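J.: Whenever a hint applies, use it, and build me the whole structure from the sequences.
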Amino acid sequence: MSLRQLIEAKKFVITAEVAPAKGTDTTELLEVAELLRGKIDAVNVTDQQSSVMRLGSLVTSYLLKQKGLEPTLQMTCRDRNRIALQSDLLSAWVLGIENVLALTGDVPLLGDHPQAKSVFDLDSVQLLWVISRLNAGFDMVGNELKGKPDFFPGAVVNPGADTEASFELQIIKMEKKINNGARFFQTQAIYDVDRFARFMKRVEKFNAPVLAGVIPLKSVGMARYMNKNVAGILVPEELIKKMADSKDKTQTGIEIAADLIKQIKGICQGVHLMPIGWEKKVPQILESAGL
Amino acid sequence: MKTITELKPLEEIMQLLERHHRIHIIGCGTCATMCHTGGKAEVQAMKEKLVAAGKEVTGWMVVPTTCDAITKYALEEEAEAVTAADAILVMTCGFGVQTVAAYSDKPVYPGLDTMFIGWEESPGHFLEICIQCGQCVLGLTTGICPVTRCAKSLLCGPCGGAREGMCEQKPEHDCVWVLIYERLKKSGMLDKLTGFVPPKDYSRMKIPRQAEVALP
Numbered sequence: 200m201s202l203r204q205l206i207e208a209k210k211f212v213i214t215a216e217v218a219p220a221k222g223t224d225t226t227e228l229l230e231v232a233e234l235l236r237g238k239i240d241a242v243n244v245t246d247q248q249s250s251v252m253r254l255g256s257l258v259t260s261y262l263l264k265q266k267g268l269e270p271t272l273q274m275t276c277r278d279r280n281r282i283a284l285q286s287d288l289l290s291a292w293v294l295g296i297e298n299v300l301a302l303t304g305d306v307p308l309l310g311d312h313p314q315a316k317s318v319f320d321l322d323s324v325q326l327l328w329v330i331s332r333l334n335a336g337f338d339m340v341g342n343e344l345k346g347k348p349d350f351f352p353g354a355v356v357n358p359g360a361d362t363e364a365s366f367e368l369q370i371i372k373m374e375k376k377i378n379n380g381a382r383f384f385q386t387q388a389i390y391d392v393d394r395f396a397r398f399m400k401r402v403e404k405f406n407a408p409v410l411a412g413v414i415p416l417k418s419v420g421m422a423r424y425m426n427k428n429v430a431g432i433l434v435p436e437e438l439i440k441k442m443a444d445s446k447d448k449t450q451t452g453i454e455i456a457a458d459l460i461k462q463i464k465g466i467c468q469g470v471h472l473m474p475i476g477w478e479k480k481v482p483q484i485l486e487s488a489g490l
Numbered sequence: 002m003k004t005i006t007e008l009k010p011l012e013e014i015m016q017l018l019e020r021h022h023r024i025h026i027i028g029c030g031t032c033a034t035m036c037h038t039g040g041k042a043e044v045q046a047m048k049e050k051l052v053a054a055g056k057e058v059t060g061w062m063v064v065p066t067t068c069d070a071i072t073k074y075a076l077e078e079e080a081e082a083v084t085a086a087d088a089i090l091v092m093t094c095g096f097g098v099q100t101v102a103a104y105s106d107k108p109v110y111p112g113l114d115t116m117f118i119g120w121e122e123s124p125g126h127f128l129e130i131c132i133q134c135g136q137c138v139l140g141l142t143t144g145i146c147p148v149t150r151c152a153k154s155l156l157c158g159p160c161g162g163a164r165e166g167m168c169e170q171k172p173e174h175d176c177v178w179v180l181i182y183e184r185l186k187k188s189g190m191l192d193k194l195t196g197f198v199p200p201k202d203y204s205r206m207k208i209p210r211q212a213e214v215a216l217p
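Each protein sequence line maps, in turn, to chains A and B.
Those letters in the first sequence? Residues 200 to 490, by my numbering.
Those letters in the second sequence? Residues 2 to 217, by my numbering.
Rather than coming from a laboratory, the hints here were simulated on the basis of the structure.
None of these values were measured; they are calculated from a predicted model.
Errors might be hidden in some of the hints.
[Stated by the list, open to error] Only pairs whose alpha carbons sit at most 30 Å apart, straight line, appear in this in silico BS3-like list of lysine-lysine:
(1) A:Lys316 <-> B:Lys9
(2) B:Lys9 <-> B:Lys73
(3) B:Lys3 <-> A:Lys316
(4) A:Lys210 <-> A:Lys427
(5) A:Lys427 <-> B:Lys171
[What the hints assert, rightly or not] Below, a sample of chain B positions facing chain A; criterion: calculated Cβ distance under 10 Å:
(6) Ala70
(7) Ile71
(8) Lys153
(9) Ser154
(10) Gly161
(11) Arg164
(12) Ile181
(13) Phe197
(14) Tyr203
For each residue, glycine too, the CB sits at the ideal point set by N, CA and C.
T.: What follows is the structure in structure tokens.
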């Protein structure tokens with residue numbers, strides 16, 4: 200079943216993220232594809248994530264599809280204007296890509312080309328609106344298309360926004376995304392399940408499928424780094440202590456991720472793994488989580 | 002309106018002036034004076050640097066408002082010193098540099114980088130306030146500009162990058178959407194945030210822009 204069918208049938212879905220290579224060597228990507236095939240329902244392909252220039256998400260999504268995985272094309276508004284975004288969307292559909300995750304994108308200042316001119320001609324909500332227009336058979340200015348796509352659009356939300364204003368703004372924006380065509384959501388990494396449960400209660404009325412983000416912890420340093428630098432991520436001290444006390448940190452990281460998945464499972468409609476270098480450990484994490 | 006400027010590095014100025022020996026320097030009594038980049042003190046300091054680097058400075062002046070047509074008359078009054086120069090170094094915003102160029106055939110070089118239009122938020126700290134997008138959205142937010150003050154010019158609400166109300170790109174900047182939220186909350190108009198804002202018409206920013214004004 201496709202991601203769309205699974206989500207619409209209210210099945211619990213598993214997605215994971217892979218990052219295209221910095222360069223043209225796709226060996227590791229294809230090895231990861233072999234390992235993930237049949238174990239997850241769809242694979243997100245990041246779009247120059249953290250504004251670091253790499254192989255494109257469109258071509259990588261296509262390669263993964265050729266290898267039997269269902270790709271979710273991540274598309275940011277940072278590097279392309281509205282003409283290029285629409286054109287790439289049409290190209291994606293022609294290449295058989297059905298799922299698109301609409302993102303605004305990080306600013307170039309955070310990546311390896313900080314001097315780049317950022318585009319942001321559209322934002323994530325407007326991109327969702329554009330996808331809905333294309334699905335209806337029209338470009339964003341109303342010209343009729345000869346042949347139209349039928350994308351399954353998704354979006355992101357950050358349930359861990361740290362102030363009242365930021366949190367309320369996330370909820371307001373989530374509703375706007377739904378109103379403009381988002382059919383599922385993937386979240387920033389969750390470590391505090393109680394806090395995530397409160398978020399899910401709050402957005403219950405939207406009836407929107409939410410796939411909770413999980414980033415496996417690799418070290419105490421990584422946890423502390425994310426707590427200090429990544430908006431919306433809060434790794435509780437208890438988990439950091441577990442990592443610090445562990446003799447086999449890889450095993451403990453896998454166990455913590457598996458345990459989070461087990462706790463999250465009853466609360467939302469899926470899990471989205473962002474392994475950040477641990478792509479090959481995804482099957483192990485899923486197995487430990489009983490999935 | 003205040004145009005915020007920064008002094009170019011001396012090496013760059015010396016490179017710009019490498020073909021010329023005799024230099025005239027022009028500053029501005031308005032924005033560049035306020036920014037401490039092209040007022041009397043800075044023009045005099047530049048004169049000393051150029052002399053120390055072996056140039057001859059034929060004269061200098063600080064025009065009250067260099068972007069104004071008054072510059073034409075200032076150049077006429079200063080004709081002797083200007084005529085004696087091989088080139089003019091203009092320590093004003095790009096507007097002033099081009100105004101001088103419009104009234105003089107001498108080669109004109111900028112001494113400053115023109116940064117943005119902004120206000121002095123606290124002494125010596127300048128903040129961009131308007132990018133002149135040609136399609137004002139201040140009505141959406143009742144007075145705070147997300148096009149200028151959000152790092153991504155987002156119109157439909159913030160990204161997920163704010164930490165404790167500060168911008169992810171520049172942690173010393175407020176997340177402008179948090180400011181907008183607080184402002185609308187005070188006036189009981191948070192519902193203004195819920196609507197879809199269609200993509201902006203960036204054709205209004207296609208350069209060079211011209212405007213026709215019907216004269217009374």
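J.: To test your reading of the hints: which numbers does this structure violate?
T.: 4, 6, 7
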